[in-house]
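Given next are the chains, with one letter for each unit.
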Amino acid sequence: MLRLVIRRLLQLIPTLFGLSVLLFLWLNKLPGGPAAAMLGERATPEAKARVEAALGLDQPLWVQYGRFLGRLVKGDLGTSSQTGQPVLDELVLRFPATVELGLSAILIAIVVGIPLGYFAARRRGSWLDVTAVSGSLLGICIPVFFLAFLLRMVFSVHLGWFPAFGRQSTGINATEVTGFFVLDGILTGEFDAAWDAINHLVLPALALSSIPLAIIVRMTRASVLEVLGEDYVRTAESKGLSNSVVRVRHVLRNALLPVVTAIGLLTGGLLSGAVLTESVFSFGGIGSFLKTAIDARDYPVLVGFIMFIAMTYVVINLIVDLAYSVIDPRVRVH
Amino acid sequence: MSTKTDKIDRLAELTARSETSTGASLWVEAFRRLRSSKMAIIGACVIALFVALAIVGPWLAPYSAEAQTWRNEVFRNQGIFVGPRAENWFGLDHLGRDEFSRFLVGARQTLLVGVVATLLGFTVGALLGGLSGAALTLGGRVGRRIDTVVMRFIDMMLALPSLLLAVSVAAVLGQSLTTVMIAVGVVQIPIFARLLRGAMLAQGGSDYVLAARALGVRKRRIVFSQILPNSLSPVIVQATLCLATAIIEAAALSYLGLGNPDPAVPEWGVMLAQSQEFFDAAPMLAVYPALGIIITALGFTLLGEAMREALDPKLRS
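Chains as they are written, first to last, in the UniProt record's numbering: chain A, 1 to 334; chain B, 1 to 317.
Keep in mind that the hints were calculated from the coordinates and are not lab data.
Keep in mind it's a predicted model, so treat the numbers as computed, not measured.
Using N, Cα and C, we set each Cβ at its ideal position, and we do this for glycine too.
Treat the hints loosely; a few may be bogus.
Taking CB as the label site, the calculated pair distances span [stated by the list, open to error]: (1) A52/B - L265/A: 35 to 41 Å; (2) K239/A - Y208/B: 55 to 61 Å; (3) V260/A - V142/B: 34 to 40 Å; (4) D262/B - A164/A: 28 to 34 Å; (5) P258/A - G216/B: 35 to 41 Å; (6) Y65/A - A202/B: 36 to 42 Å; (7) F278/B - V92/A: 34 to 40 Å; (8) A52/B - N28/A: 44 to 50 Å.
Work out the full structure, taking the sequences as your base and the hints as a guide.
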């Protein structure tokens, strides 16, 4: 197990190295080069030359790349041109919000999706099945940000059930411990703050969960249908095992394996979705930060974000693989 | 029985079998099953309607999509949007343009974005995946090395959330319709590459490949005339599904401000993105293009899923 973890982490190195080369080339390919990108389009040639000299942009490319890589290794992702703060600090500050949102969305998707997929498969052709299948089709085909706007309009502007934006109401005076507002509220005993944070999470998490939910429902349904036809299920039933034992131990356990893999693969899509949902609800995570960075052409933030996300993505996939080998003893980890 | 006659017997057996299960008959059978699938019929009808709209839409449009014909009226109204009425079926947008005309003209751009992006992703992805799969099947150290290099590259692309990849491409190329097409297409490259490589590897282990190899067919011929054609069906299914995602993803890019800024060629994604600003005042301006996108995406998804079922060897009778 430990060897697997070490090996997978070592595999990260060539991927990140390649990414850094691509990102470096990308920065150089930006219209007008990195200096213009930093100074904006209206920079004078003199100012450009000064910045280029200061940044070492007059050096040969490979020297520049060496410096770029050296800074990356030290965790120096540059300074955000919007806030003037180090990019890494900005990302770390906003990361809990996105994790909180992403986890809530995945939680909704799992808690609703797996039972729904399961019962849709058990009652194939029933109205439940038809609803689940068509609902999941719709979930994949509806643009996430449109759904987010729709939810906001109906449940917050018209019905007023949930707050329309942000992570916290202005009146709430919460103590910040971890940056995860729900967890903070529970830890410090400020349950009103936790409840407030949950209220703020509902709509964005619902919007964000649409695609994972659709995928989980479909995968669970297909997988359960396949397992139900397996010989070992018939054997278990004919042995006279109780329905619940067959259901849990034989059907669900085997059917959930591909679903677990799918959940791991959803992370990337979840991050893309978070960028869109967060900016609709002005939810202060890295997603909405990225949206403003795109609008402001804040390239250091884009580069930092990409490296940060690539690492997170690989680590999450590693965790999924490990979880897989725990759930399914047949999977040999090499 | 001599080895020679044995060989001829097997050859005969193989050719006999190939008559019933060649690539062509797989497709014929799949097509027959598609025709009897309700999902496929609905999907195909939606797509046909969409394509027809894309072709004739710009001619059907009653007004210019670009001209701000009712500009003065909209500004006089001060924030109250003009809804559907006899001359403007879908109402007016924020600049006094006829929403219905823009919707009709937009269909063509939307189709164009989806098709060009998917073609790009399909072509490059299939080339990379095919190269990787062929190199691995042909074997040797060089083959494995090629596969490793290509796959590392693909893994790198997969390590980025698709939207971010598209944003990076768009940042270099600037804001235009071509950018959106390329950005969305690039995101699909790793999907097609992995899929084709995986399918080729799976086919490589099948009995007919073993048989062909035993008969002494050259490896290269096996790869290109047997493994490759047989591996294409999942890739084609994916292409259909990708047409749906491409249109949705293009809308997301437009929302992030990277879409086509040209007002003369409205695109549903851009229309949807632009109308978000007035969403609370005039939600219908967002609903028309959104419905267009959703219904079209549903059409492609339905057809793709039906094709997947029709081509699934496990479900073949």
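Notebook entry, point to check: Which earlier hints can't be squared with this structure?
Noted result: Number 2 - this is the single hint that the structure violates.
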